[in-house]
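A.B. asks: Take a look at the letters that make up each chain.
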Amino acid sequence: MSAGHHHRLYLPGDTPVHLLPPQCKLVAVAAFAVAVVATPRERLWAFAVHALLLTVVAAVARVPAGFILRRMVIEVPFVLFAVAIPIIGTGARTEVLGMSLSVPGMWAAWNILAKASLGVVASILLAATTEPRAMLLGAERLRLPPLLVQIASFMLRYMDVILDQMRRMRVARESRAFVARDLRQAPVLARSAGALFIRSYERGERVHLAMLSRGYTGEMPITRDLSASGRDWGMAAVLPCLAAATAVLSWSLT
Amino acid sequence: MHVPDGFFDLPVSVGAGAVAVAGLAVCLRGARRELDDRTAPMAGLVAAFIFAVQMLNFPVAAGTSGHLLGGALAAILVGPYTAVLCVSVVLLVQGFFFADGGLTALGVNITLMAMVTAIVGWGVFRLITRSAPGSRAVIVAASFVAALVSVPASALVFTLLFWIGGTAPIDVASVAAAMGGVHVLIGIGEGLITSLTVSSVLAVRPDLVYGARGLAKRLVLRTAEGFEAPLVAAPATGEAPVGRIRPLLIGGGLVAILLAGVVSFYASGSPDGLERVAADKGLNAHEEEHGLSDAPLADYGVKGIEDERLSVGLAGVAGVGITVLAGGAVFYTVRRRRRHRAAV
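So the protein lines, in turn, are chains X and D.
102 is the number that our numbering gives to position 102 of the first sequence; each next residue is one higher, with no gaps.
227 is the number that our numbering gives to position 227 of the second sequence; each next residue is one higher, with no gaps.
Hints may be right or wrong, so weigh each one.
[As the list claims (entries may be wrong)] The following residues of chain D were derived to be distant from chain X, with all beta-carbon distances above 12 Å:
id: 1; residue: 18
id: 2; residue: 77
id: 3; residue: 126
id: 4; residue: 132
id: 5; residue: 134
id: 6; residue: 161
id: 7; residue: 214
id: 8; residue: 225
id: 9; residue: 227
[Said to hold, decoys possible] Taking CB as the label site, the calculated pair distances span:
id: 10; chain 1: X; residue 1: 70; chain 2: D; residue 2: 131; range: 44 to 54 Å
id: 11; chain 1: X; residue 1: 60; chain 2: D; residue 2: 130; range: 56 to 66 Å
id: 12; chain 1: X; residue 1: 212; chain 2: D; residue 2: 221; range: 25 to 35 Å
id: 13; chain 1: X; residue 1: 15; chain 2: D; residue 2: 203; range: 48 to 58 Å
It should be emphasised that the hints constitute simulated quantities derived from the structure, not laboratory data.
Where a beta carbon is used, it is the ideal one built from N, C-alpha and C, also for glycine.
Whole structure, please, built from the sequences with the hints as guidance.
C.D. replies: This is the structure we're talking about:
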């Protein structure tokens, strides 16, 4: 599941998509995902339209296709699951290339594959065009509880530090010829996890004291104005509105 | 096991989202009680820790590898409210920044992986430590059981949601059996790593383990002659309330045996999705045949019994029995030792 976590997430740029306020983009992507999920799976053309919409956004944002494809590796586990559904599914069966496959199972597999892929690409585009810090500020403007936003921002800030510590411990383990073969090696891994927890927790205590000494009162100061104009909202609404129109059309057309 | 977009229909996604929002609101309030004004930095660092520890793959049987869910571990280390918050934040970050898990499925993911694991894990942990309080061994054993139970519990809730609004036409019973079977195995790994992690933290900084707050030694004054004068009067520790948990134990045992013996009858014989996924994921880990593949219970069937359904069911019941026996033995020894120590 963690295959894609090491890539760089954000692609700096100054395209119209980059310049949109983050809260507009968050709402747009979430609405787009809802529209995609609400599209009936039998309307193949509707999914083509959704994909085309995303392609246009990617082109405007100048996000290269290779970048998106590399990060789509994240959905491989569920792609494999989707492939298995026609084989184990129930319902009417048909013969394809000598294999007996379930027809509703194939529809279900297509449904999951198409909707999951569209959702993943939309999320990738969001992360590629929005600075992580700006994304959190945008979430705060959308009335996400400030405490939750602060927790997420601390997590993002120290994630690389903690991951680096874990990587160093792994290097130390492996340079002493450690290989995790089965559960008998669990104590070693668990001791690493325990040490990592103590280091993280103590770092948290130090960070808290450092913040107190700089006048922390429980709220983070706002250093950037993130207000969005009506024009920004209008620009951001183009993608989800077109997607919603497609979904509605696909429901009404038979 | 992050659920992507399109796996559940909209009503289930929306319903789970409402559950997630309500739960988060409760936990935000509760976390302030657990951590006061340190909440933001501490929970943030713990979330980063959970994120890192989820990457720690451990090998499970038969060449597959699972990764820690971490809900029970977090609940025992930092308290249930903070744990739900931390794991939820991890899921939010994974959804929005890493595209791992669909945005419309965020509610489902938070409910399954943050709430169910942390709440069930913490509940089981408290049940055990309350009935047999007071020693490090009990806490370590309780963490093992708590983490072991939390993973199949999450899988069962997943099956329930799948039954209500799954989009794939698969038998619910076969999903339940497959999820249950694989996740009991993963749960054993999770329990082992969780208990060993808790044990190693207890050895170094016992004050950091939320679930072991009662363990701190009482302050003792020593006079020059070496006499001990306790500062605080030791509270009388009453006998464990065994009677109240007995019906629960019996009921739980019956349910487990029913699930293992009866529901697994309906398991499909063809390779199921999760096993496929597991096998294909195992390719990059360790593709070695498990040493026990010749064992009498290998591949969820009893050797020498021709009727497949009966064989699978028997294997399920036998599995539950072995688990109960092993767990019971651990607890019996722990309690014996504790009583022995108390007597001395």
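A.B. asks: Taking the hints in turn, state whether each one holds.
C.D. replies: Against the structure, the hints:
1. Every Cβ of chain X is farther than 12 Å from the Cβ of residue 18(D); the closest lies at roughly 15 Å, confirming the non-interface assignment.
2. Consistency note on residue 77(D): stated as away from chain X, yet its beta-carbon is not over 12 Å from all of that chain's, at 6 Å minimum.
3. At roughly 20 Å, the least C-beta separation between residue 126(D) and chain X is larger than 12 Å, which holds for a residue marked as non-interface.
4. Taking the minimum C-beta to C-beta distance to chain X, about 23 Å, the non-interface status of residue 132(D) holds against the 12 Å cut.
5. In this structure residue 134(D) is separated from chain X by more than 12 Å, as the shortest Cβ-Cβ distance comes to about 22 Å.
6. Interface exclusion of residue 161(D) from chain X stands, the closest Cβ pair being 15 Å apart, more than 12 Å.
7. Every CB of chain X lies more than 12 Å from the CB of residue 214(D), the least distance being 19 Å, so the non-interface label holds.
8. Look at residue 225(D): its CB is around 38 Å from the nearest CB on chain X, clear of 12 Å, so calling it non-interface holds up.
9. Residue placement check: residue 227(D) keeps its beta carbon more than 12 Å from all beta carbons of chain X (closest about 36 Å).
10. In this structure, residue 70(X) and residue 131(D) meet the distance hint of 44 to 54 Å, their C-beta atoms being roughly 52 Å apart.
11. The beta-carbon spacing between residue 60(X) and residue 130(D), approximately 59 Å, falls within the hinted interval of 56 to 66 Å.
12. Between residue 212(X) and residue 221(D) the CB atoms are about 34 Å apart, so this pair conforms to the stated range of 25 to 35 Å.
13. Hint check: residue 15(X) to residue 203(D), Cβ distance near 53 Å, so the stated range 48 to 58 Å holds.
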